[in-house]
Amino acid sequence: AASSPLGRRSTTPDVLARHGKDESYHPSVPPDVVAFPKSTADVSAVARLCHDRRVPLVPFGVGTSLEGHIQHPYGGVSLDLGSLDQMVSEFPDDMDCRAQAGMTRSAVNAALRHTGLEFTVDPGADATVGGMAACGASGTTAVRYGTMRDAVLGLTVVLADGSVIETGGRARKSSAGYDLTKLFVGSEGTLGIITEVALRLHPQPTAVAAATARFDDLDDAVAAVHAILLHGIPVARCELLDAPTLAAFNAYNKNDPAFRPQEVTPSLFLEFHGLSDAVLKEEADLALEACVDAGGRDVAWASDEAERHKLWAARHSTYYASCALKRDGKAIVTDACVPISKLAEVVRDTAADVEKMDVVGPIFGHAGDGNFHCILVYNDDDPPEYLERLHDVSARLIDRTLAAGGTCTGEHGVGSGKKKYVLRERGAAGVAAMAAVKHALDPQGIMNPGKVFDAPS
Amino acid sequence: MRKVLVGVKRVVDYAVRVRVSADKSGVELANTKMSMNPFCEIAVEEAIRLKEKGAAEEVVAVSIGPKQAQETLRSALAMGCDRAIHVQTDIRSDQGLNPLAIAQLLEKVVEKESPDLVIVGKQSIDGDHATTAPMLAELLGWSQATFAARLDVAADGASAEVERETDAGTEVVKLPLPAVISADLRLNTPRYPKLPNIMKAKKKPLEALEAADLGVDLAPTLVVTGVAPPPDRAAGVTVESVDDLVDKLKNEAAVI
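Sequences listed follow chains A and B, in order. Plus 133 on top of the position in the first sequence (first one is 1) and you've got the working numbering. Plus 122 on top of the position in the second sequence (first one is 1) and you've got the working numbering.
These are calculated hints, taken from the structure and not from any lab test.
Here are the in silico distance ranges between beta carbons for each label pair:
hint, chain 1, residue 1, chain 2, residue 2, range
1, A, Ser172, B, Glu283, 47 to 53 Å
2, B, Thr311, A, Tyr207, 45 to 51 Å
3, A, Pro394, B, Ile378, 49 to 55 Å
4, A, Ala573, B, Val377, 56 to 62 Å
If you only want the chain B side, here are some residues facing chain A, beta carbon under 8 Å, derived:
hint, residue
5, Ala137
6, Arg139
7, Lys155
8, Ser157
9, Met158
10, Ser197
11, Tyr314
12, Pro315
13, Lys316
14, Leu317
15, Pro318
16, Ile320
The list that follows gives simulated cross-link-like pairs (lysine to any residue, SDA-like), each with its CA atoms no further than 25 Å apart:
hint, chain 1, residue 1, chain 2, residue 2
17, B, Lys173, B, Ser265
18, B, Lys189, B, Asp339
19, B, Lys316, A, Arg441
20, B, Lys155, A, Ser216
21, B, Lys324, A, Ser409
22, B, Lys325, A, Pro336
23, A, Lys171, B, Val138
24, A, Lys414, B, Arg313
Virtual Cβ for every residue (Gly too), placed ideally from N, Cα, C.
Start from the sequences and build out the full structure, keeping to the hints where you can.
And the structure:
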């Protein structure tokens, strides 16, 4: 094959389509070519080429983003980082490691299996650490262990002109210069391409227990979450699921002979981590007391590891279960995150709106962070009036969230889908400041163009 | 049973992208991540479960290899083994040290330790010989059950029942103890140690012996003369018609 400065590449239509489509309802907007670099040097060469020719460039991990992050509205090159999938170094004595950007989070933890340590960020999908860093990923463990912003100690980044920088370092803290690591984490590929990620690790908990609690009222479930946090209990996972979510989940699994249907009622899925079974029991007892005080009942413990994994796999499957409520269902995935004290009213009003407008909108999420997802489901057979009602519910949810002092996206990021809300949330001056940074690092505007915000003209 | 002996081998980590050394004499091991062989992890897990069930009193891990094999033994201790034995040799364990020599060294360790059961992985992912367990059993004159997917030790510790993987499915065999068992993939899912157990393992006894002192001829009878990576995949070709496809399948790929 004729060699090209792009290196190994593909223009096969299916390959292009795959690289323009993520896990959201946004359609595939494919690149002109997909390149498969094998190293930071390769990535730098491609970036330099794109810089010289003014060609858009979008990095690609495994495509599990949720707001059309990897669409190519201006064509260009998709940079598939799948070959950068090796662990660079492990430092178990310092509890950190460095992985190439294309390594998935499960591969990172498999590599660490004999160290007693783990990379804790769990967004559900088996995303790459590079993609997770670029999108500031979070997930079910954030309530105790934080998000990627807390987990990333440093990065190797290829800038828009092909130059390579290292940010952060192995010291646990540094005041030496601007914190570029925090700038690139969450920048969604618009400021540079991440090729290596240094990760803070945590001890795998010695004692773990998971529990479910049922409530008759969604309000009571949220109140229980608030009470758990205000008691100062370091809950490790604190997930809320409403009745429609559990109904969807039961329907989704009905053909599995081993499946036991869940009670269709607002529920909390909780997990506790402790240094010993004794510590664990104390924390868990206190938390469950708080649940019962708030109206909780039928507390059940998931005792062994297999049962716990099933519980969290179930939790992650709620997105797919929700979409499965309609044939070939797709969904607008909302990602409201509000101060915890406002969570009850925002969830209550959202649930009421969903019911009143008669749309399909299961609600579940990381209640411990004040973050929930209302999955607004539709398919191509739905009449335009339904879609209009759906979009109205979503718009009112954003209004409600911002009015409560929250953010339109707690963890999924902006991509292209939430761009229209960034100006409202950050204000003109805020967006102008972001635009100044973008212009400084990517003057030609080739790094994932059309995402996060539109620069003021 | 009083004692179970588990063999563990330090090999190139299964996730590593293996490189051939420049002189093509072997796989590049310098700066390459090494880990416990996955089937050895399963063997250790099975031994620990026997102890937890009360079927064994003590689990001893043994490894043959360079100084760094002690790290692998510490992992076995962290998983729950009580003691470890390191048989030190700098002969490359992926190609220089042959399975027969390994079996003979293990025979010496068995003579020293008198275990009631020996469990090893079915094969190592570097050599892939799968011969150490059968040869060890023969040297010892013991029964053997290889490719174990299930192991049940009788309450009186005098026999064991093993479900073995075969090409056609599985077979169940019953064998008297002492015996040699080799662990296959479905035998169990290994636990991985938490920090407190890793710290505790640092204090567990680890005895070092020199392979050269055990009276075994370590010279290889199998010699690797060269190692090469698989050839690069050729690019695919687009065909214009079904006739073209059939022609290529017949005359180029020679599959029809």
